[in-house]
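Sequential numbering of the sequence shown, starting at 306, is according to the numbering used here.
There could be a bad hint or two in this list.
As a list, the in silico SDA-like pairs of lysine to any residue whose alpha-carbon atoms are at most 25 Å apart [stated by the list, open to error]: (1) 341 / 512; (2) 595 / 613; (3) 495 / 448; (4) 512 / 422.
Per label pair, the in silico range of CB-to-CB distance [stated by the list, open to error]: (5) 468 / 606: 42 to 48 Å; (6) 413 / 325: 24 to 30 Å; (7) 449 / 425: 16 to 22 Å; (8) 537 / 325: 38 to 44 Å; (9) 415 / 597: 41 to 47 Å; (10) 579 / 346: 44 to 50 Å; (11) 606 / 394: 45 to 51 Å; (12) 615 / 407: 35 to 41 Å.
These are computed hints drawn from the structure, not numbers from a lab. We put the CB at the ideal spot given by N, CA and C, even for glycine.
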Amino acid sequence: METLINGLHHVTTLAGDTQRNVDYYTDILGLRLVKKTVNFDAPDVYHLYYGNETGSPGTILTFFPYGNLPRGRKGVGQLTYTAFSAPIASLSFWMDRLHERNIPYAGPYKRFSESYVRFEDFDGMGIELVFTDEDQRPGWANGRIPAEYAVRGFHTVTLNEINPDRTVKLLTETMQHTLVGEEEGRFRFKAGVGGSGNFVDVLHSPKDVHALQGAGSVHHVAFSTDSDETQLIIQQQLSESGYHVTPVQDRNYFNSIYFREPGGILFEIATNPPGFTVDEPLAELGTALKLPPQYEPRRAKIEAGLPVISLI
306 METLINGLHH
316 VTTLAGDTQR
326 NVDYYTDILG
336 LRLVKKTVNF
346 DAPDVYHLYY
356 GNETGSPGTI
366 LTFFPYGNLP
376 RGRKGVGQLT
386 YTAFSAPIAS
396 LSFWMDRLHE
406 RNIPYAGPYK
416 RFSESYVRFE
426 DFDGMGIELV
436 FTDEDQRPGW
446 ANGRIPAEYA
456 VRGFHTVTLN
466 EINPDRTVKL
476 LTETMQHTLV
486 GEEEGRFRFK
496 AGVGGSGNFV
506 DVLHSPKDVH
516 ALQGAGSVHH
526 VAFSTDSDET
536 QLIIQQQLSE
546 SGYHVTPVQD
556 RNYFNSIYFR
566 EPGGILFEIA
576 TNPPGFTVDE
586 PLAELGTALK
596 LPPQYEPRRA
606 KIEAGLPVIS
616 LI
């Protein structure tokens with residue numbers, strides 16, 4: 306069987322204040338700002354991408370910072386926690402770092418034999434750090450966090466569902482995921498070879514409130530596919546399975562299709578190429594505002610309306 310879905314590609318979230326968002330993810334978590342662009346559908350708002358050095362698929366957390374956006378509410382029909390992986394030896398380092406930066410956290414806990422801590426960003430977005438030595442991806446050595454303790458990329462995402470059966474069917478029958486574990490109503494699925502960046506957890510949450518979107522809410526989760534050709538195959542299969550799938554959207558750094566899974570969470574299938582060095586060299590990623598061609602004639606006006614970003 307041809308591999309259509311490799312694992313996670315990126316997670317996109319709504320945020321409030323732009324500078325606080327940049328400070329949190331580049332300074333506290335130590336991710337690299339790999340792309341500074343705009344929401345292609347609303348160019349008066351930034352679209353900020355954070356990840357490892359190159360912004361590899363499976364490491365990319367992105368944000369639309371809307372300023373004074375009210376906070377959202379976690380609940381069913383939402384991706385509630387995005388988990389990153391870090392080395393086992395870094396557990397004490399990260400607990401100390403969160404404490405020093407006045408970031409409340411819970412844990413460490415155990416889940417599927419792995420230790421993790423749970424906390425939130427300034428807007429209430431749910432974050433977890435899972436400590437594992439199986440993830441051999443390089444972290445971003447930014448000079449503030451030792452390379453041996455750096456975040457490696459995504460570990461898993463948690464989808465809160467009232468009735469998970471149809472979501473499970475989608476993952477296993479159309480999106481090539483395999484069930485690898487179950488624990489206290491949490492079902493873990495892997496894509497491809499599995500491991501960090503290739504896991505999706507479906508949490509059966511029949512008593513939870515429904516989610517409300519706002520600052521700190523995940524807008525969508527994107528899954529990785531190798532090429533335009535594999536994307537078209539999965540698009541056709543989804544359509545044949547009854548899903549309303551969008552036409553292919555050119556996002557400059559990848560091509561995308563979108564659809565809602567049965568529980569209401571917005572899914573995206575994103576191509577791995579061309580990547581973030583398509584419009585600026587690796588050493589300069591995230592340093593300049595990059596606009597898609599349709600907005601270049603409006604650059605001066607767009608730049609004047611966006612807040613200035615400072616990197617610590």
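Comparing the hints with the structure gives:
1. 341 / 512: Measuring from Cα to Cα gives roughly 39 Å; hence the hint is violated.
2. 595 / 613: holds, 14 Å
3. 495 / 448: Between residue 495 and residue 448 the Cα gap is close to 33 Å, so the pair fails against 25 Å, i.e. violated.
4. 512 / 422: Judged against 25 Å, a Cα distance of about 23 Å means the pair holds.
5. 468 / 606: 42 to 48 Å: holds, 46 Å
6. 413 / 325: 24 to 30 Å: Once the Cβ atoms are compared, 26 Å apart, the range 24 to 30 Å for residue 325 and residue 413 holds.
7. 449 / 425: 16 to 22 Å: Taking Cβ atoms as reference, residue 449 and residue 425 lie about 21 Å apart, which means the hint holds.
8. 537 / 325: 38 to 44 Å: holds, 39 Å
9. 415 / 597: 41 to 47 Å: holds, 45 Å
10. 579 / 346: 44 to 50 Å: At roughly 20 Å between Cβ atoms, residue 346 and residue 579 fall outside 44 to 50 Å, so the hint is violated.
11. 606 / 394: 45 to 51 Å: holds, 49 Å
12. 615 / 407: 35 to 41 Å: Between residue 615 and residue 407, where Cβ atoms are some 20 Å apart, the hint is violated.
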